[in-house]
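Using the sequences and the hints, build the whole thing.
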Amino acid sequence: MTAISENTAAAAEPRRASAFNPARVVLYALLALFCIYYLLPLYVMVVNSLKPLSEITAGGMMALPGDWTIAPWQSAWSSAQVGVEATGLRPYFVNSILMVVPAVALSTILGALNGYVLTKWPFRGASILFGLLLFGCFIPFQMVLIPMARMLGLMGLAGSVPGLIFVHLVYGIGFSTLYFRNYYAAFPTELVRAAQIDGAGFFTIFWRILLPSSGPIAVVCIIWQFTNIWNDFLFGASFSDFDSQPMTVALNNLVQSSTGVKEYNVHFAGAIMAALPTLLVYIVAGRFFVRGLMAGSVKG
Amino acid sequence: MPSSATATRPGLADRLRDALPKLVLSPTVAIVAIFVYGFIAFTLYLSFTDSRILPTFGWVGWQNYENLFRIRAWDTAVNNLIVFGVLYIVVCCALGLLLAILLDQRIRAEGFIRTIYLYPMALSFIVTGVAWKWFLDPGIGLEAVVRGWGFESFTFGWIKDSDMAIYTIVIAAVWQTSGFVMAMFLAGLRGIDSEMMKAAQIDGASTFALYRRIVIPQLRPAFMSAFVVLAHMAIKSYDLVIALTGGGPGTATELPATFMYSYTFTRNQMGIGAASAVIMLMTIAAIIVPYLWSELREKK
Chain A
1361 MTAISENTAA
1371 AAEPRRASAF
1381 NPARVVLYAL
1391 LALFCIYYLL
1401 PLYVMVVNSL
1411 KPLSEITAGG
1421 MMALPGDWTI
1431 APWQSAWSSA
1441 QVGVEATGLR
1451 PYFVNSILMV
1461 VPAVALSTIL
1471 GALNGYVLTK
1481 WPFRGASILF
1491 GLLLFGCFIP
1501 FQMVLIPMAR
1511 MLGLMGLAGS
1521 VPGLIFVHLV
1531 YGIGFSTLYF
1541 RNYYAAFPTE
1551 LVRAAQIDGA
1561 GFFTIFWRIL
1571 LPSSGPIAVV
1581 CIIWQFTNIW
1591 NDFLFGASFS
1601 DFDSQPMTVA
1611 LNNLVQSSTG
1621 VKEYNVHFAG
1631 AIMAALPTLL
1641 VYIVAGRFFV
1651 RGLMAGSVKG
Chain B
25 MPSSATATRP
35 GLADRLRDAL
45 PKLVLSPTVA
55 IVAIFVYGFI
65 AFTLYLSFTD
75 SRILPTFGWV
85 GWQNYENLFR
95 IRAWDTAVNN
105 LIVFGVLYIV
115 VCCALGLLLA
125 ILLDQRIRAE
135 GFIRTIYLYP
145 MALSFIVTGV
155 AWKWFLDPGI
165 GLEAVVRGWG
175 FESFTFGWIK
185 DSDMAIYTIV
195 IAAVWQTSGF
205 VMAMFLAGLR
215 GIDSEMMKAA
225 QIDGASTFAL
235 YRRIVIPQLR
245 PAFMSAFVVL
255 AHMAIKSYDL
265 VIALTGGGPG
275 TATELPATFM
285 YSYTFTRNQM
295 GIGAASAVIM
305 LMTIAAIIVP
315 YLWSELREKK
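First to last, the sequence lines map onto chains A and B. Basically the working numbering = 1-based index in the first sequence + 1360. Basically the working numbering = 1-based index in the second sequence + 24.
Read the hints as simulated data drawn from the structure, not as lab findings. Bear in mind that the values here come from a model prediction, so they are computed numbers and not experimental data. Treat the hints with care, as some may be off.
Quick partial rundown of chain A residues pointing at chain B, CB under 8 Å, derived from the structure [stated by the list, open to error]:
(1) 1416
(2) 1437
(3) 1469
(4) 1473
(5) 1494
(6) 1634
(7) 1639
(8) 1642
(9) 1645
Don't be surprised by glycine CBs; every beta carbon is placed ideally from N, CA and C.
The structure is reproduced here in structure tokens:
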């Protein structure tokens, strides 16, 4: 795995005593500058979500609030005009939760089982199947929008949260299988064979032997799926109705709505609300997030 | 190998047990067969039909493709994708490499700084789009702020300028993904043999020469991964454009993904929309298939 290990420092510089070193000062200054660059939009969002609209329109976007207020947050949460209705973002936040939890759970469970079969019960064509599965992760989803819209209609799931769960499950399996397959590939097959000789069945082996040591990869997979599904916009925009829209779609409607005054402070508050769940996950379990990111691109 | 050798006695229970792994895998196989490859075939077929508002099955041959290449908006979308894609990949790689090298110099608080550089990757493109949309808005954002500081003649209205708006997409997209590229390069740097670096240093190589001659050439796999990931993200870019510019001003920031959506679902030219999706798929396949092929083969 390509987790970024600490202290393997590449530069073979001998450690110097903490003497003043101009090159180091420039180095740290540069790093600090880039920190500002990455944090600036977050600063803009937070600061402007806590000030009255008049302070923003008067050209004070970069300033701290003169008049601290949480009114924009209250408005974004429960009373702002999203599309046609003045419901705030709350119902859409709920939609996103209702969509994300089952979709993540189901795709992770299926991914674990698939990874188990692909590595410990190999059969002819398993690697071709895996390749086909993997390619499915990367297709432009524009390619499936039209037939999926019809299919959801046929299944009676059009414009509903269960429909979105289904879509995310279908297109989430590829990555979850990838994670578990690469993880289980490193798991000693002898243990599985030994258990088999002792008479353990297919599910017993999975349940008793592989699953107990699957914690780290399960976390990686859950975080990846959670982030991807929560942040999805294309499927949400294509397959939801007014009352089943996920948070990203609602936020976009809030911001693009052309009626009345543009309430920038409310938009920023809404944007933070949409960002908060994934941001929290990132802060709490960033290590696993990075692992997932890398395993999805660099060889696993 | 699995128990096929012991299954000479074909009791039903045994047969079931032998089939169990495949049985477990079968829902996934069915899902991928229908919802990935079946749907690809369906959309491919639609691209040769006279479908308008709904799928219809009158065969028109290559006509949709011929029309597609005559539509000015498609031309714009493709040109925009080239400009956006090239800049996005080049800037992300350059910035990612720079940050990785800076961070690889035995930096105190490296983990903390890395967390800051990478957090945008956890956000939805819609959130990123909203933040940058208002930050770059000349009325309230950067331009207004700098003017407020006394630089009355400062102008920065790219987002409202049809010639420059595409670059604002690059700015926001680079902000979101460059930290990820940094992480990929950093992982690559940590994998480099430090003995070789020491030897070169003893031979008196300057730091610059060290990186140019020894380190960067060894990062080729990381470059490859970064290129593939970024190129496929660029082609799929949809959410960010919708949130940041809505494809405007006019059609100045339309990309193939937004073109496909609007032709299919709002302009009722489903045949042409399907044809554009097929072209997107072919482009991504041309990048992804060789990559996956080499990755999967190497693992054997």
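Status of the hints after comparison with the structure:
Checking residue 1416 of chain A against chain B by beta carbon gives a least distance of about 6 Å; that is within 8 Å, so the hint holds. For residue 1437 of chain A, the interface hint is violated, since its Cβ never comes within 8 Å of a Cβ in chain B; the closest pair sits about 16 Å apart. Hint status for residue 1469 of chain A relative to chain B: violated, with the closest Cβ pair at about 11 Å, above 8 Å. Using the Cβ-Cβ criterion of 8 Å, the hint placing residue 1473 of chain A at the interface with chain B is satisfied: the shortest such distance is roughly 5 Å.
For residue 1494 of chain A, the interface hint holds, the least distance from its beta-carbon to any beta-carbon of chain B being 6 Å, beneath 8 Å. The beta carbon of residue 1634 of chain A comes within 5 Å of a beta carbon in chain B, closer than 8 Å, and the hint placing it at the interface holds. Given the 8 Å rule on beta carbons, the hint for residue 1639 of chain A holds: about 6 Å separates it from the nearest Cβ of chain B. Contact between residue 1642 of chain A and chain B, as hinted, is supported at the beta carbon level, the nearest pair being about 4 Å apart and thus within 8 Å.
Here the hint on residue 1645 of chain A is broken, as its CB sits about 10 Å from the closest CB of chain B, past 8 Å.
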